[in-house]
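Make the full structure from the sequences, and use the hints.
Protein chains in written order, with our numbering: chain A, 325 to 529; chain B, 325 to 529.
FYI, nobody ran anything at the bench for these hints, they're computed from the structure. Accuracy of the hints is not assured; some may be wrong.
Since the list gives no way to pick one copy over another, a pair counts as held whenever it fits inside one copy or between any two copies.
[As the list claims (entries may be wrong)] Derived SDA-like pairs (lysine to any residue); straight-line CA-CA distance at most 20 Å:
id, residue 1, residue 2
1, K469, L374
2, K469, R513
3, K400, D413
4, K369, N358
5, K448, F436
6, K400, W417
Number of protein chains: 2
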Amino acid sequence: MLTLHHLRIGRSIFTVWLAEELELDYQIQEYLRNPETMRAPATLKNVNPLGRSPAIEDDGMVLCESGAITCYLLEKYDPDHKFSPRRTDLQAWAEYMQWLVYPEASVFAPLFMRMLAMRSAEAKPFLESYSAPEIALHFGHIANKLAGNEFILGDNISGADFGISYVIGLGERLGAIADYPTLTAYLARNRARPAFVRALARGVE
Amino acid sequence: MLTLHHLRIGRSIFTVWLAEELELDYQIQEYLRNPETMRAPATLKNVNPLGRSPAIEDDGMVLCESGAITCYLLEKYDPDHKFSPRRTDLQAWAEYMQWLVYPEASVFAPLFMRMLAMRSAEAKPFLESYSAPEIALHFGHIANKLAGNEFILGDNISGADFGISYVIGLGERLGAIADYPTLTAYLARNRARPAFVRALARGVE
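See the structure below:
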């Protein structure tokens, strides 16, 4: 059976949500952070050498990286392409891939820097001088794209929405989305989805 | 004609290299950083709203994000799958996608933090306390994967090698790969490839 290795709290809840949207049969292996250091437990290194979450196991294969996991799960379990354009529609598929990799490749770093800034008074002014304009740039960009759309690519949810929701949710925890009602509304819509509610019931964030 | 928007110096040289490996017919639109701030020129914002490079234009579409650009170029211009597994070989393709997104999703952030640490004496100790162990973790992981292999997935170059080469090259500039002869040798091998030499001749890094 498909296993989702799920570190609480972190980005793997978005993989649980995807599994629920796909109505997959899966089990969760849960890991808790050290409450002092917030680090993942060493047992995750038994799953993958970097000790990272999310990771999945399926048919004897361990796979890491949220973006790759999304691509794999959709390739295997979404043959009707409800969650991604077909590659024969090449430009739509390319745009989908752009939005799928963008959250972690471009948006995460400045958010992470803001998180670090909260832990160091010495480093904070310098870190914020970089992260504040970058966060504004990216959240403005995402808000523009979402304007008038239910989801990042239009009227239908796609594989790209899971990573976008992750970085917006992280931005919310860091107090960075108050100026973007579009982003707040998007998060609220996604959290109200039955699949997200089921994911929370199983994954507990 | 395919246009590569290429900001010197930066990661877009790896997209030029990919275009040369694929023997594409393309033109380069070059941009130079402000020598004082090292920022990209505002003209890049005419190409894409984030003002980022690499970006490509093909058949009237503008596409950003190195990982998505690689996927698109291979989907369109590598029908024989010389640079990526076929999706029918699902596990090999999933592993390929994992290594394709990994450099920017996981390895870039700690390298970028080291780059920032070099610009701020106040922030440096704090930033290095995070980035140093992370960089060691990732470069050790990549070196293990490369041990005995010519390329990240084995004997043949693939789409995943362009991003991996980017983060290792960045690590080299930051003095972070001296302990990893495997990584140094991998960079040297890639830089000796005729397509890389042609990319440098056209893209100038």
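Tested hints:
1. Taking the closest pair of Cα atoms, K469 and L374 come within 20 Å of each other only across two copies (12 Å); inside a single copy the shortest separation is 34 Å, beyond that limit.
2. In this homomeric assembly, K469 and R513 come within 20 Å of each other (Cα to Cα) only inside a single copy, at 16 Å, whereas the closest approach across copies is 41 Å.
3. With identical chains, the CA atoms of K400 and D413 are at most 20 Å apart both within one copy (19 Å) and between copies (11 Å).
4. In this homomeric assembly, K369 and N358 come within 20 Å of each other (Cα to Cα) only inside a single copy, at 15 Å, whereas the closest approach across copies is 43 Å.
5. In this homomeric assembly, K448 and F436 come within 20 Å of each other (Cα to Cα) both inside a single copy, at 12 Å, and across copies, at 16 Å.
6. Proximity of K400 to W417 under the C-alpha cut-off of 20 Å is found in both arrangements, the shortest distances being 17 Å within a copy and 11 Å between copies.
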